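Residue numbers (the working numbering), protein chains in the order written: chain A, 8 to 419; chain B, 1464 to 1875; chain C, 5 to 406.
Simulated from the structure, these hints should not be mistaken for laboratory data. Here the structure is a predicted model, which is why all the values come from computation and not from measurement. Note that beta-carbon positions come from the ideal geometry of N, C-alpha and C, so glycine has one too. Possibly wrong hints are sitting among the right ones.
[Said to hold, decoys possible] One-sided and incomplete, this derived list gives chain A residues near chain C with beta-carbon spacing under 10 Å:
| hint | residue |
| --- | --- |
| 1 | Ser45 |
| 2 | Gly128 |
| 3 | Asn138 |
| 4 | Pro188 |
| 5 | Asp191 |
| 6 | Thr208 |
| 7 | Asp226 |
Each chain, letter by letter, is given below.
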Amino acid sequence: MKTRFLTTAAALTMTTALAAPALAADCPIRIGGLAPLSAPGSVTGGEAMRAAMRIAIDEINAGGGVLGCPVELVVVDTEGLPERGRAVMERLITQDRVVAVGGGYHSSVGLASKNIANDTGIPVVFAETWNDRITADQQRFIFRLAPLSSEVAAIYANFAASVPGVQNVVIVAENTDYGLPASDMTRQGLEAAGITSTIYTVDIGTQDFSGIIQRIRADKPDMIIQVMTGEAAYNFTQQAAEAGIGPGDLPMTCDQNALESAAYWQNVPDGNLCFMNRVGLPTALYTERTTAFEAAYVAATGKDAAESYAMEAYDSIMVIAQAIAEAGSTDGNAVVDALEAITYHGVLGTITFPINTNNTPEQAGVEAKWWHQFPDPAITVVQYQEQGQSSTNAPVVYPPVYQTGDAIWPHQ
Amino acid sequence: MEHSLFFWSVMGWMVVWGAIGGTVTRHAYFMRDLDVTDARRVGVAVGAATGPFGLIPLYFKTPKLTRLWKVAPWFGVLGLFVLAFALSDPGNVCVSSGSFLTSQIANGLIMGTIYGLMALGLALIFSIIGIVSFSHGEFYMIGGMVVYYVTAVLLPGWNPLLAVLMACALTFCVGALFERAFLTPIYDGRVERPIEYSILVTFGLAFFLQYLVQGLGGANPVKADAFIELPRWRWPADGSVIVTSRANITLFDTIFVSTPRLMAAVVSILALAALIWFLFRTWWGKALRAVAQDRQAAAVTGIDPRIMNMLAFGLGCMLAGLAGAVLVQAFSWLPQTGTIPALRSFVIIVLGGLGSLPGAFVGGILMGMIEAAGAGCIPDPTRAASYLPAYGMVVLTLVLLLKPTGLFGRKA
Amino acid sequence: MIRSLPNALGALGVAFLLGFPLLYAGGNYDYVMHLWITAFFYAILASSWALLAGYGGQFSFGHMAFMALGAYSAGLLDNYVVLSSHATGTCTEIGLFGSWLVLVDPTGVSTSAVNCLQQARGVWPEGVTTSRLPLLLSILIGAGVGGGFGWLIGTLVLRLRAAYLALFTVGFSEILRAAISAEVWLTRGQAGLPMSPIFPEGVTIFGTFYASNAKLPVYYVMLGLFLLTLVILISLARSRIGLFLRALREDEDAAEALGVDTVKYKRTVFVVTAMIAATAGVVQGHYVGIITPNTLILLQMALVIAMAVIGGLENVVAAAVGAIIISFGLEFLRNDFIIFGERVDMSTWRLVFFGLLLMLTLRFLRNGVIHGGLLWLERRAVGAETVAKRRATPKSGTEEAK
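Construct the complete structure from the given sequences, taking the supplied hints into account.
See below:
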């Protein structure tokens, strides 16, 4: 860890030294961070992201800051509300005078706030907003590290198609801008693979799923896919297990909240064999940087591993810092140019934004959603295979490129 | 739904004839100088259930409205509703699968018992002090939190029933202290509008407690371990009568009961028995009931109403805390957990008649059944679960329209 | 002199608010303007709720629901009703004085579906213009919807006891929230219904052009609405209706016996305040640019109630001032602070203090902080006047003569 500090520091100081004469930035340089820190937002996610962003800032400052300035992080609470998201984005820009913004959890908040940043020319690197439209609008100042919702849905659908003997799938989705499009796209993907599916949507505050679970059981599904976050997903999985259609009875995917192993096993003691989608490098491919971040994160939060949104939040701040250093200025346009050309070796892997002003989606012949999008946040499916297992030790079972173990099919 | 037009025509028919019946019948009884207190209600029910076929004889005969008249037509209404539903949607799993229906009913009964216990607390407070506590949900939440912290953090390995007792003690004390500190002005006319004052001040308490717990414990979902873990067992050998697993009991291969819930319901029934014993067999209980019936008279016989107020509020809060304490092993717990159960309790006590103890319990069971029916039978799976919190409200509206005093209520 | 202090302060306050956006030149102009606009919004809600609760004695928890009804009516109109200079041929449309009133088909939150208007845009010739309905019309419709629901609910529950009203209105908000969340095809559920700015093309005031996202025009619109609300509420409170309401509140049975049609007056107030809330919702929705069902969570209603109570329920102006102070206070309390080396996350704790403040105000300052202060001033004024009078005429009083 120490060596990495030194290398980062050296790299940063070098850039700083080169750029020093052209310095026009006010010290300290402020970077904004969006995170839901109170209800109705997902507080668990928000707190994890805040911790990760603070680690990033501490590392940057330990390495001498950026452009010779210390860097300050201003984390604002979006409350998971789009209207609040707009207000805090405005506050970051006009009150706190940030030069760029990282973080971001709820897609609805991202969608509502990105226009303000784009209109005022403040670059945003979104960490965990999955909705395709974030990048599909092709705005100059908007970047994203999180995977596209449609890509995750495709992984789900392909994974379901690879499960032996699956004909009839039930999708349980939260009725949010995350759950609804994702479940719809999963259904389309399954349809293309010749698998029928039924979508059950639930309110995110739902505690008691028993009625719905009995109903799902009557549908006799071969597999259940959850597109749900937070405690709703825990409640659903545990109650399904108690009703005999849990992860131990048929293939079930739990959403990525399940990756937080300690909380998962406490809330879902009967949740063994659940499949989870995981964003970010598989444990086996961890870079030095990933390992170091995870160690720092575990030390700071007391959790047993870093969640993907924590990694994304960390990288969103680091990539901004590097772009500012490379641009030699905090001017929005310069930072965007630097981001478009960036190659950053981060926790998530090597981050680039290949579809950009110089290589538009039309020129590259890809869909508009790939604009300013980190193309390869590895999306894998992992499976808990032992009671109480840590998600970092859970084997990757899909896709075959990343596979580190065979899936255990509960129904066979 | 296959024949939705048919279903909605029947509903329209019932509403129209219900409205006509209400007006016409009251008119008939009024013109003949008969007792009109129940005429409108009976008219609505007879009209909705039988249309003109029952209304015409009722109009001309105007029989004395005995209890049979007041109750029987409502079963007709219910029957007609069920029949219309069954005919219009024969493929619905509620109609076609007997085992599904039994499972739902069993589940509704179990949850209803616990709802009843919680609502009982609210009804008890109302019957003695005459106020509706808006912090009832927070006591429910605290009950669960106490059990979690005691069993999982402070004293792991101790008997969970001890934790339940501690939860009861704590919620009782907080409730009683709050009553002493904040509710005393309503007894001696120091506030102009005691009911409104008490609504607002308990609302403030709810706000305070919810965020206090979040500030102290964070917003991550937690859950206590199941109080009892069953051994795997089946009888007879093929499991046709009973199969148990760790968290589930299956009866006759058709009824699935989750053990944490069953356990919660059993504790609820025991608590109810203890409460009945307390109210009817002890001096304190008798004194409480005496105050509920006639404050002045009770005071004359030497019962100090101030102590009784404190006792009633503490007991009411304790019942909510107990409901939470037994359910934290079935659901994941958050500081916001109390909101929906609190709303549900409001509906239940209005349904049962404000301040009626048996009404609250029967209302709770009805509510369990209504929610089970709503979640299980609404044809559109994308809506069935989303509207879960709204089913109770539909019932509340109907009750307010038709019989504001509730099922067991005294005159409003 | 002390007696006229509140009025003088009020006049000063209004003058300050009117001049503020022109005089303030801080670097955080937009942010401060945003705080003021939000504060006015809450002040409108809190003062109208204070009239309903303080004067009318109707402790409704449905005020935010009426606000949301207004905002969603305007939002639905904004999204699905468009005036076009050319027929679309694909949508349901009505010809109207040479232009077309187009009803756009909702496409929900699906990212791929194309609605009929977008289809038409693809084949339209150059120069076709589309616009939404005029803002005033959508305010009228929003207020009408709010008022209509207010009338329905008023009719349903105003005959009942207070506790029922509170319970029922809580439930009404909850049912509305569930319905908006669930009917995604129309309302876009939790994703939120986007709304166009108040002045979509920007606006020119006294020769200065303000873009559609400029704060100054919105500030004056919201301030105007706020002052108008206060005028309506105060004149209502001082009218015959206000008198009857106070009579009702003191003793409903007696008022009824004296021939006051209690339900009628209660319902009037219910409908008027519901309309005010709905209008505020329309303007706020257009300003914020998006509306979600989460505005209906109990916490939001709790904020409005607490603002009115802490300001003073018996006085609509005090409630409004309370709302402005609290909405600023809650914003400034968001910053974390460090105590004994521990970082305290204020986003949660500020609400703890807020709940405590609400309880303590109710318990110990029954008239609220602002209104209580005003009453205290008035008592002092009366006291001072009495003393002065007695000094001026020493012979008239028997006590002083001795």
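For each hint, the structure was consulted:
At about 5 Å, the closest approach between the beta carbon of Ser45(A) and any beta carbon in chain C falls short of 10 Å, and the interface hint on this residue holds. Look at Gly128(A): its Cβ only gets to about 13 Å from chain C, farther than 10 Å, so that hint breaks. Interface hint at Asn138(A): satisfied, since its Cβ lies 8 Å from the closest Cβ of chain C, which is below the 10 Å cut-off. Annotation: Pro188(A) was flagged as interfacial toward chain C, and the flag holds, the nearest CB pair being 6 Å apart, inside 10 Å.
Contact between Asp191(A) and chain C, as hinted, is supported at the beta carbon level, the nearest pair being about 6 Å apart and thus within 10 Å. Hint status for Thr208(A) relative to chain C: holds, with the closest Cβ pair at about 7 Å, below 10 Å. A least Cβ separation of about 20 Å between Asp226(A) and chain C goes past the 10 Å threshold, and the interface hint is therefore violated.
In summary, the structure is inconsistent with hints 2 and 7 from the numbered list given earlier, while agreeing with the others.
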